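A.B. asks: Chains as they are written, first to last, in this note's numbering: chain A, 1 to 202; chain B, 1001 to 1202.
Any given hint could be a false lead.
[To be verified] Reference excerpt, derived from the structure (chain A facing chain B, CB under 10 Å, subset only):
hint, residue
1, Glu38
2, Glu69
3, Lys90
4, Gly93
5, Val125
6, Ile127
7, Phe129
8, Ile154
9, Val157
10, Thr165
11, Arg181
12, Ala187
13, Thr189
14, Arg194
[As the list claims (entries may be wrong)] The list that follows gives simulated cross-link-like pairs (lysine-lysine, BS3-like), each with its CA atoms no further than 27 Å apart:
hint, chain 1, residue 1, chain 2, residue 2
15, B, Lys1113, A, Lys90
16, A, Lys90, A, Lys63
17, A, Lys113, B, Lys1113
[What the hints assert, rightly or not] Ranges between beta-carbon positions, derived for each pair:
hint, chain 1, residue 1, chain 2, residue 2, range
18, B, Glu1026, A, Pro82, 48 to 58 Å
19, A, Lys24, B, Gly1016, 28 to 38 Å
20, A, Asn179, B, Gln1064, 36 to 46 Å
21, A, Gln176, B, Ser1025, 39 to 49 Å
Keep in mind the hints are simulated off the structure, nothing from the lab.
Small disclaimer: the values here were computed from a predicted structure and weren't measured.
Quick reminder that beta carbons are idealized off the backbone N, C-alpha and C, glycines included.
There are 2 protein chains.
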Amino acid sequence: MKQKVTDGALLRLIRGRRSVRRFKSEPVPREAITRILEAGRRAPSGANRQPWRYIVIDDPAVKQAIRTECERIEARFHRHAPADLASWMKARGITPQKPFLEEAPYLIVIFYKMRELYAVPSIWVSIAFMLLQVEEEGLGTLTYTPTGARLNAILSVPAQFQLATILPIGTPADHQRQNRRALSETAFTNQFGRPFEEGSGP
Amino acid sequence: MKQKVTDGALLRLIRGRRSVRRFKSEPVPREAITRILEAGRRAPSGANRQPWRYIVIDDPAVKQAIRTECERIEARFHRHAPADLASWMKARGITPQKPFLEEAPYLIVIFYKMRELYAVPSIWVSIAFMLLQVEEEGLGTLTYTPTGARLNAILSVPAQFQLATILPIGTPADHQRQNRRALSETAFTNQFGRPFEEGSGP
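Let's have the full structure, built from the sequences with the hints guiding it.
C.D. replies: Set out below in structure tokens:
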């Protein structure tokens, strides 16, 4: 029998979260950035290697340099995007222009040490914790991953660190709601394809 | 000037979380599992592709089959582990035996569709949200990733889906505390190596 599931504070945070691509110019308290970093660095990681390095950008000249490099990469990416992705991006108004890289009061640029054990899973768990802390602060962000952008040079990052993503952080000026597949399409019991039954356990 | 950072509910949850490898036999409410799945499927994903599929295991025979396959892989892995990882595992009493795969009342086995855009980042963000929901439920888990284990056959999972991890879910019987590097070692401002300053913003 299906029972009503009561949300706690965390699920409300998760359900309320939206990706934000436009930001207001109002300032963000630096303490909020500290707490967002704290959420990230407290994440679990493979063999506790903590492969993450976070670079907080508040210097407009550095933001501009990052935006210029990212838009160079984006222009190339959009020219060669697979058809399904191109139409997905077009429907959402996603273009090679990335004004949020200058509009957001802060960028957190996240790198990881490539050779560490389970480095990619670990860095994304850390990023996920930060996404939720951004939401808890009443701020907005999205994960923006400009594959191939040469940010190591701009930020003096040693070559053994790889860019994972950029989180622009600010007060949301818009957001996009995304639908989710039903639980019954994604969760199964004991075998793939056998629907998960909510409610009382065995 | 350094200011005191006040934790909110999410940071308390993140700081309180520990990886759990031993579980009590007491039952877990199925509603808790539903909420954990809900936290996972509400995660953001690349181009909203939602590459995740969750298989909830409560059948002891299926758990046993999973454990047998994982321990087969583990025995091989431990024989060939790099020296630094081998000593890290030994110090923590991590052996090829994985009793938690049968002791935990539930396993959630998580697969992802390999060919989707940003599939690996997306699945780990989903897993991270689930880790926190497990904590919110007062339960324990860890991410257990038996690389190379042939679980698709045991669980009838189509070949285009790849195992990401197994989350054993139950009431903690022990946990391991891990230290974290200081914030000053992992967070910088505007350039790699320039320490992040907490406190009042510009």
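A.B. asks: Report the numbers of all earlier hints that the structure fails to satisfy, in ascending order.
C.D. replies: 2, 3 and 4
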